[in-house]
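The residues making up each chain are set out below.
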Amino acid sequence: MKTIEEICAILEPVKRDHPLVHNITNYVVMNFTANVLLALGASPVMAHAIEEVEEMVGLANALVINIGTLSRPWIDSMEKAARGARDRSIPIVLDPVGAGATRFRTETARRLLGEAPVAVLRGNGSEILAVAGAKSATRGVDSVSGSQDARGAALDLAKEYGMVVAVTGVEDFVTDGTRTATIANGHPLMGRVTGTGCAASSVTGAFCGVEKDAFAAAVGALVSYGIAGELAAVCASGPGSFQIALLDALDALNTEVVCARAKVTLS
Amino acid sequence: MKTIEEICAILEPVKRDHPLVHNITNYVVMNFTANVLLALGASPVMAHAIEEVEEMVGLANALVINIGTLSRPWIDSMEKAARGARDRSIPIVLDPVGAGATRFRTETARRLLGEAPVAVLRGNGSEILAVAGAKSATRGVDSVSGSQDARGAALDLAKEYGMVVAVTGVEDFVTDGTRTATIANGHPLMGRVTGTGCAASSVTGAFCGVEKDAFAAAVGALVSYGIAGELAAVCASGPGSFQIALLDALDALNTEVVCARAKVTLS
Amino acid sequence: MKTIEEICAILEPVKRDHPLVHNITNYVVMNFTANVLLALGASPVMAHAIEEVEEMVGLANALVINIGTLSRPWIDSMEKAARGARDRSIPIVLDPVGAGATRFRTETARRLLGEAPVAVLRGNGSEILAVAGAKSATRGVDSVSGSQDARGAALDLAKEYGMVVAVTGVEDFVTDGTRTATIANGHPLMGRVTGTGCAASSVTGAFCGVEKDAFAAAVGALVSYGIAGELAAVCASGPGSFQIALLDALDALNTEVVCARAKVTLS
Chain Z
2 MKTIEEICAI
12 LEPVKRDHPL
22 VHNITNYVVM
32 NFTANVLLAL
42 GASPVMAHAI
52 EEVEEMVGLA
62 NALVINIGTL
72 SRPWIDSMEK
82 AARGARDRSI
92 PIVLDPVGAG
102 ATRFRTETAR
112 RLLGEAPVAV
122 LRGNGSEILA
132 VAGAKSATRG
142 VDSVSGSQDA
152 RGAALDLAKE
162 YGMVVAVTGV
172 EDFVTDGTRT
182 ATIANGHPLM
192 GRVTGTGCAA
202 SSVTGAFCGV
212 EKDAFAAAVG
222 ALVSYGIAGE
232 LAAVCASGPG
242 SFQIALLDAL
252 DALNTEVVCA
262 RAKVTLS
Chain W
2 MKTIEEICAI
12 LEPVKRDHPL
22 VHNITNYVVM
32 NFTANVLLAL
42 GASPVMAHAI
52 EEVEEMVGLA
62 NALVINIGTL
72 SRPWIDSMEK
82 AARGARDRSI
92 PIVLDPVGAG
102 ATRFRTETAR
112 RLLGEAPVAV
122 LRGNGSEILA
132 VAGAKSATRG
142 VDSVSGSQDA
152 RGAALDLAKE
162 YGMVVAVTGV
172 EDFVTDGTRT
182 ATIANGHPLM
192 GRVTGTGCAA
202 SSVTGAFCGV
212 EKDAFAAAVG
222 ALVSYGIAGE
232 LAAVCASGPG
242 SFQIALLDAL
252 DALNTEVVCA
262 RAKVTLS
Chain G
2 MKTIEEICAI
12 LEPVKRDHPL
22 VHNITNYVVM
32 NFTANVLLAL
42 GASPVMAHAI
52 EEVEEMVGLA
62 NALVINIGTL
72 SRPWIDSMEK
82 AARGARDRSI
92 PIVLDPVGAG
102 ATRFRTETAR
112 RLLGEAPVAV
122 LRGNGSEILA
132 VAGAKSATRG
142 VDSVSGSQDA
152 RGAALDLAKE
162 YGMVVAVTGV
172 EDFVTDGTRT
182 ATIANGHPLM
192 GRVTGTGCAA
202 SSVTGAFCGV
212 EKDAFAAAVG
222 ALVSYGIAGE
232 LAAVCASGPG
242 SFQIALLDAL
252 DALNTEVVCA
262 RAKVTLS
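For the record, the sequence lines run as chains Z, W and G.
Start counting the first sequence at 2; every next residue gets the next number (this note's numbering).
Start counting the second sequence at 2; every next residue gets the next number (this note's numbering).
Start counting the third sequence at 2; every next residue gets the next number (this note's numbering).
Possibly wrong hints are sitting among the right ones.
One copy or two, either will do: identical chains are not told apart, so a pair holds if it fits within one copy or between any two.
Heads up, simulated SDA-like pairs for lysine to any residue below, C-alpha to C-alpha not over 25 Å straight-line [unchecked claim]:
(1) Lys3 x Val235
(2) Lys81 x Arg104
(3) Lys213 x Leu232
(4) Lys3 x Arg193
(5) Lys213 x Met2
(6) Lys16 x Val235
(7) Lys81 x Glu56
(8) Lys81 x Asn186
(9) Lys81 x Glu108
(10) Lys213 x Ala117
(11) Lys81 x Glu52
(12) Lys264 x Ala117
(13) Lys3 x Ala261
(14) Lys264 x Leu114
(15) Lys81 x Cys260
(16) Lys3 x Arg111
(17) Lys16 x Ala234
(18) Lys3 x Leu60
(19) Lys213 x Ile51
(20) Lys16 x Ser238
(21) Lys16 x Gly239
(22) Lys81 x Glu161
(23) Lys81 x Ile51
(24) Lys16 x His188
(25) Lys160 x Ala117
(26) Lys16 x Leu156
Treat the hints as calculated values from the structure; they're not laboratory data.
Isolated chain Z, as found in the complex (with noise of 0.2 Å):
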């Protein structure tokens, strides 16, 4: 098992190697998310045509997937790309927006899951419980249910599908069925500006890219994530300054300073 350290230190081969990130991902973030992604030195594309998502995830390092709008053609090229993601060994990370809003989210993400073997699901604790077939209450896409609550539903969610599942919130956690993870860093202005979850998918999707360890991946990219979060507070007046000072936040990380203000217990 990875040290916190160790796990810290997978930011050095993301910004060293730019691991090319391929999102289906939803129309509200799309912006965000690439700028997320360059900012912390990996490179992002977005591809949805059914004639090409097998020939561009073919030249991907890891393969993000979001429902956050979904619709019926959008389906077939998530299938058809986690189909060629597979094919290909490369790491998929799925997340169920708005899963348990509506059934349409729902049964799309369950349906996912069984398309492909997922690397890393990563949603909020609605999210998490509504894949898991729980009764939640996910309000639009927000979460309604602490983290806290979603913890079981992760475990049974990780050992199922032989996955990572990692529920974000005030507390993220991750666990692979049999490691876990506790991460006390992140910022509460995180929660009031959109898109900020889904790109913690697509951080999570670089990680993966550089790290075959799916939990020490995720884990590295939930703290790394949190951190900027925490950093670009510092100089944010509001919601619409911090999202900029997020990106300048990522885009000066360092491992050093991963290392040095991370909060997570391993077990």
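Following the hints, complete the assembly by docking chains W and G onto the known chain Z.
Leaving out everything else, chains W and G in the frame of chain Z:
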């Protein structure tokens, strides 16, 4: 009839109750709209799939339909969502972006007005004139008619459809066919950032989500939003920094500031 | 042949006449592109529905087609809009985003070149090489070929299609097959913000909307835009604040500043 103080106080339940605003809006402004709503204290959701719009609108406190980047499948979803909102008495705000520029937009705006009762129609002068069937000149999506010219059209539309019409411009004009309000708040930089008009419609949706009197909600929304623009302009060195400052100002806004700075004439 | 001073002065009619630029572009950059055009003084419109593209392009001073997030229905609209622009002698700028990364993109870019005369083709080195049929390596949507390598391909394409080709990179290269320009303006931070290349294409569209000599328009656009990037970098602490400062710099830009800072070699 509500006083100006009562209208300015509608900001309080918006900030306290976080109304869920379901937006079916255009690609250009989705991110900014979501961030405006979050900064204001509301809760945004974007969903356009025909499979889920009815279920999603059932969770919402208001539905905002914006035709800025239209296509046939989206119109079907807008109509289904509108009928769903009507059946549940959820207020609808319609933003007829670019009506008058192409027949497709003008006809879609009119068709949506016929589909379900609209609480508030918000547009610039050219758009309102176009929806009313007057010869107007919409240049792309920007108004070339002053809001003044469109006041007659707004009164006619308000009476014909039993709805509130808000014409925004240098001075905003709001009417329900009987009551009228002119609002002299706002700042020219608002016209230099894309989506400020679209976001005004979503802010109006948030206010309609907490206030049954749609006339008061629309006036309260436009006054609050205009004042946020004025405050943002103080710290801005151009349209880029203005956009960010507007989000910070919406976050910091409170009823006292709105009451103190409101330039509203009711009649 | 225009002098460098005359080329730099094209910024003036852009700021004065607010050319309407019809963009059929990708989801990732729509918001930023619209804000870049507004900051520059141009008037953006985004419209992609097959039902309205012909009518919309008829109102425009330039059409910008960008294949960054492609799908079949969008290609149909791009082709229809291109034919509409051709019939009305409205200049077309084509941005072959990601050509070379997937066959779908490379083929679509070539097909669009055959559909209607293009005034300016703008891409990075890899994309231009791919459109020219050379073996290139486009990694996602980022260039791995220097703009230098693509100069031969640019000259060939310019002669074959009778169009201007602009290859952007550390140094930009513009040619109409006879004249050439190299531009040494710009800043490395431009590569750290998504959509700066796409926005350069739309800025080129704005310049083509006020200047018939497409070679001069493309050079004028890239010089102005690069200088705005240099000025923005002075106030930026990272890619987030740079993006905002770029919008402010485009707003503040004038002909004297452009003339004084231009690093252009014409031949």
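Each hint tested on the structure:
| no. | hint | in the structure |
| --- | --- | --- |
| 1 | Lys3 x Val235 | neither (31 Å within a copy, 41 Å between copies) |
| 2 | Lys81 x Arg104 | both (22 Å within a copy, 17 Å between copies) |
| 3 | Lys213 x Leu232 | neither (28 Å within a copy, 42 Å between copies) |
| 4 | Lys3 x Arg193 | neither (33 Å within a copy, 31 Å between copies) |
| 5 | Lys213 x Met2 | within (13 Å within a copy, 58 Å between copies) |
| 6 | Lys16 x Val235 | both (23 Å within a copy, 24 Å between copies) |
| 7 | Lys81 x Glu56 | within (10 Å within a copy, 27 Å between copies) |
| 8 | Lys81 x Asn186 | neither (35 Å within a copy, 42 Å between copies) |
| 9 | Lys81 x Glu108 | both (17 Å within a copy, 21 Å between copies) |
| 10 | Lys213 x Ala117 | within (17 Å within a copy, 48 Å between copies) |
| 11 | Lys81 x Glu52 | both (10 Å within a copy, 21 Å between copies) |
| 12 | Lys264 x Ala117 | neither (33 Å within a copy, 52 Å between copies) |
| 13 | Lys3 x Ala261 | within (17 Å within a copy, 56 Å between copies) |
| 14 | Lys264 x Leu114 | neither (30 Å within a copy, 54 Å between copies) |
| 15 | Lys81 x Cys260 | neither (38 Å within a copy, 51 Å between copies) |
| 16 | Lys3 x Arg111 | neither (30 Å within a copy, 49 Å between copies) |
| 17 | Lys16 x Ala234 | both (22 Å within a copy, 21 Å between copies) |
| 18 | Lys3 x Leu60 | neither (28 Å within a copy, 43 Å between copies) |
| 19 | Lys213 x Ile51 | neither (28 Å within a copy, 39 Å between copies) |
| 20 | Lys16 x Ser238 | between (28 Å within a copy, 18 Å between copies) |
| 21 | Lys16 x Gly239 | between (28 Å within a copy, 15 Å between copies) |
| 22 | Lys81 x Glu161 | within (23 Å within a copy, 37 Å between copies) |
| 23 | Lys81 x Ile51 | both (7 Å within a copy, 22 Å between copies) |
| 24 | Lys16 x His188 | both (23 Å within a copy, 20 Å between copies) |
| 25 | Lys160 x Ala117 | within (16 Å within a copy, 48 Å between copies) |
| 26 | Lys16 x Leu156 | neither (31 Å within a copy, 36 Å between copies) |
Of the numbered hints listed earlier, those contradicted by the structure are 1, 3, 4, 8, 12, 14, 15, 16, 18, 19 and 26.
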